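Chains A and B supply the protein sequences, listed in that same order.
Per our numbering, the first sequence starts with residue 1, numbered consecutively.
Per our numbering, the second sequence starts with residue 1, numbered consecutively.
Worth flagging that the hints you see were computed from the coordinates, not collected in a lab.
Hints are not guaranteed to be accurate.
Listing some non-contacts, in silico: residues in chain B with all C-beta distances to chain A over 12 Å [claimed, not checked]:
no., residue
1, G79
2, G85
3, P150
4, G186
5, G187
6, W201
7, V221
8, E359
9, Y414
10, R424
Sample of chain B residues facing chain A (criterion: CB under 7 Å; computed from the structure) [said to hold, decoys possible]:
no., residue
11, S225
12, Y226
13, S233
14, D235
15, A236
16, V255
17, L260
18, A267
19, A286
20, Q290
All values derive from a computational prediction rather than experimental measurement.
By construction, the Cβ of each residue, glycine as well, lies at the ideal position given by its N, Cα and C atoms.
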Amino acid sequence: MDLTVLASAIVDGLLMGLVYGLVALGLALIWGVMNIINFAHGDYMVLGAYIAVLFSLLGVDAVYALPFAFAVVYLAGVATYKLVIRRILDAPFVSQIAATFALLLLIRYGVELVAGPRTWIVESVLSGSVVRVGPLSIVCSKLFAGIVSIAVFVVVYLFLTRTYTGLAVRAIAQNRSAAMLQGIDVDRVNSIVFGLGVGVAGLAGALVALVQPVFPELGGFYCLVAFVSVVLGGFTSVVGSFLGAIIIGLSESLSAVYISPTLKNAIAFTVFILVLLFRPTGLFGRFGRRV
Amino acid sequence: MVLHMQRKVLVAVAIMVVAVVAVGIALFLGVGGVEERVMGQPKVIKVGVILPLTGRLAETGEDLKRGIEFAVYQINSMGGVKNCGGAKIVVVWGDSQARPERGAAEAERLIVEEHVVALVGAYQSAVTKTASEVAERYRVPFLNPDSTSPTLTERGYKWFFRITPHDGMFVKQQVEFVNWLNKRCGGCIKRIAIIHEDSEWGTNVARLWEKEFSAAGYEIVDVISYHAPTVTSFDAEVERLKRSKPDLLLVASYVHDALLLMKTIKAKKLYVKAILAQDAGFVSPAYVSQVGDAGWFVFSREVFNWDLVQKMPRLKEVEEEYRRMYGVSLNGNSARDYTGMWVLYYALEEACKIVKPWEDLQKFREALRDALANLYIPGDKLIMPWKGVKFDEKGQNILGQGIIVQMMEDGKYYTVYPPEYATREPVFPMPSWEERSR
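Chain A on its own, in the form it takes in the complex (with noise of 0.2 Å):
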C-alpha cells in the first residue's frame, strides 16, 4: 500500500517536473546566450495555454494546438526580440529587469482584457481517461505532458549539439564578440533563441492546458519554479535547468505525500535553499559550461 503510494507520488512529481522542465530551459536558454533574464517567461508560457484554449473552443482537440502554440509564441518571441529585447542587450540591468517586467504586464492584463479573467477548462481526447500500470493510475494528459516534454527537450538538445545553428548559439553563449569576429550573425542568432525559448515556454502552456485549469495569472508560478530550476542547473545551462526542474517537481510530490500537502512548495523551495548553500554554483554548474 505505501509503496503504491511512494510510487504514484513519484510518478506525479516526475511527470510535473518534466513539464516545469520544458518552461525552465527557455529561460535558461535565454539568459545563458542573451544574459537576459525574461520575468514575462511564464506569461509566454501563458499565451501558449490560451491557444489551446481557443483550439478547444472552436472544436478542435487541444492536442492539435501544441505545433500552433509553439509557432504562434515563436512568432512572438521574434517579434519581441526586434521590438524590445535587442535595444536591452547592453542596457543596464535594472533597464533590463523593467522592460521584461513591462513584458509580463502586457501579456498578462492583454490576455485578461481578451479572453476576461475567467477560468477556462480544456477538453482532449486524454483528459478524463486514466491509464492503469499495476496498481498506479495515471492520468493520461498528464503522462502524454511528460512524453511530450521528454521528446521536446531531445529535440532541443539535438538542435544545440548537432546543427550549425545551434553550434552558432554556443559560440555566443561563451564569448559574444568572438563569434561577431568569426562572422556569426549574431542579432539573427539571438532573435531564434529568444524566438525557441518562449516557444518551448508556449509548447508547455499548451501542454499544462492539458493537466489544469487556465486563467490570466497562470504564469507567475510557472515563472518562480523556473527560476528555481534555472538556478539548481547552474544558472545558464539548459540541461541542468531541466533537471533542477524535476527536482522541483519530484520534492513537491514527495513532501505532500510525507509530510504535508501544505508545506509542498515551502519544502521544494527549501530544498533549493539548501542546494545553494553547499552548492552556490548550482547543482549542474559545471556541466552546465558546455550546454
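We have chain A; now place chain B onto it with these hints.
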C-alpha cells in the same frame, strides 16, 4: 510671416470666446434646469451605496448594482417613502474599486459631502470593515446585505446592521444538514476530511468546520490546505484522501482549484459518500459550465438558487420583472442587495414617522438606526429563502439562513435543503464511479 502669426492668434482668441460663451450658456441652462426640477417635485432621500464598480470585481459589482437599482426603481414607482411625503430614494454611488482604503474614502465622501442618510454595501468583507468604521465614527447607519465574515458583527458597533447570514451561521446549518443526511442512511457518516484553500476565507471556514463538526460528534480524519494561486496538481492530496477514507469531504475552494480538484477526484476515482462545498468556486459560472460529470452529486452551500422561484411566489413575480428589465436572472448577489434596499425602505418609513431627513439630518440618522434595531420583516415579504429579518444586539439578522444545493446529472444545481425549499430529493450516498460509468 508676422501676418500669418496674427491670424493664428486671432483664430485662437475667437475659439476661446466661443468656448467661454458656450460653457456659460450650458451652465445657465443646466442650473436653471436643476432648480426647476427640485422645485417641481417632492423632496428626496439620499442613500449612499458603496460597491466594487470598477477593478477586479467589476463584474460582480455590476450585478450588485442592478439589484440595488431595481429595488429603488420599484420603491419609487410605488410612491416612494410615504411617511416622508412620498420622497423618492436617490442612490449616490461610491466605487470601492475592490480596495478597503478606497471603500473608507468613499464612505467619508458620501457622508460628509453628499449628506446621505445611510450607507449600504460593500460586498467584500474587508471593504465593509473599513467603510463601516467610518460610518460608526460619523454615527451613520451602515446596512450590509452581502458580506459573510463572522467578525464584522463582533466589533460591538452600534450603527452596523448585517442582513445576510454569516459564515458561522452557514457552518452551523451545514452541520444540521449533515445530521439530516445521516438520519437517512442510518448514521453512515462518521469520518470527515476537509480540504481548503489557505487564504483567510478558506482557513476561517476550515476552522469553523473542524470546531462545529467535532462538537457534533464527527471524527475529523484529515485537514488539508493548499495555496490556490500556485496549485498545479492535486494528485498527492487525492491519494492522501484515499488513504484517510473519509465518508464526507468538505471543500472550500475558488474556481480553478475547484475544477482541478474535481477532475482529479474523478480521474483517481476517489469515492466518498458525499462532498459538501462552501459556495465560492463551486457556484461560479465558469465552474458550473465546465466541470461536467466530475461535479455531479456534489453538494454546495448557497444563499440563493434559480429553482427557488418554484417555492416562493413573491420571488417569482420579482424575478419575472427583473428579467424583463435587465435580461438576466437574479442571483445570490443581486437578490441580497435588492433585499438590502427593501429592508432599508421599511426602516425609512419608520424613521420618517419621527423626523424628516431635511429637518434634522443627524436626528433622522438616529431615528433610522433605532428603526433598524427594532425592525421585524416576515419571510413572506422577502425574496430570499429566509424566515425574515430581525437584528440582534450585535446587528446581525438572526432569521437568515443558507440553502444546500446539489448538482444533478443535467449539470444544474437544485435546492435539496431545507426541506421547505427543496425542489429535489438529495442523491445520497453518491453513486460509485463504477455505477456512473454504466
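Comparing the hints with the structure gives:
1. G79: 41 Å, holds
2. G85: At about 46 Å from chain A, G85(B) clears the 12 Å cut-off, so the statement holds.
3. P150: 23 Å, holds
4. G186: At roughly 29 Å from the nearest Cβ of chain A, G186(B) sits farther out than 12 Å, so the non-interface label holds.
5. G187: 28 Å, holds
6. W201: 16 Å, holds
7. V221: 14 Å, holds
8. E359: 47 Å, holds
9. Y414: 23 Å, holds
10. R424: 26 Å, holds
11. S225: With a closest approach of 5 Å, the S225(B) hint holds.
12. Y226: 6 Å, holds
13. S233: 5 Å, holds
14. D235: 4 Å, holds
15. A236: OK, holds: A236(B) within 7 Å of chain A, min 3 Å.
16. V255: 5 Å, holds
17. L260: 5 Å, holds
18. A267: 5 Å, holds
19. A286: 5 Å, holds
20. Q290: 4 Å, holds
In this structure, every one of the numbered hints holds.
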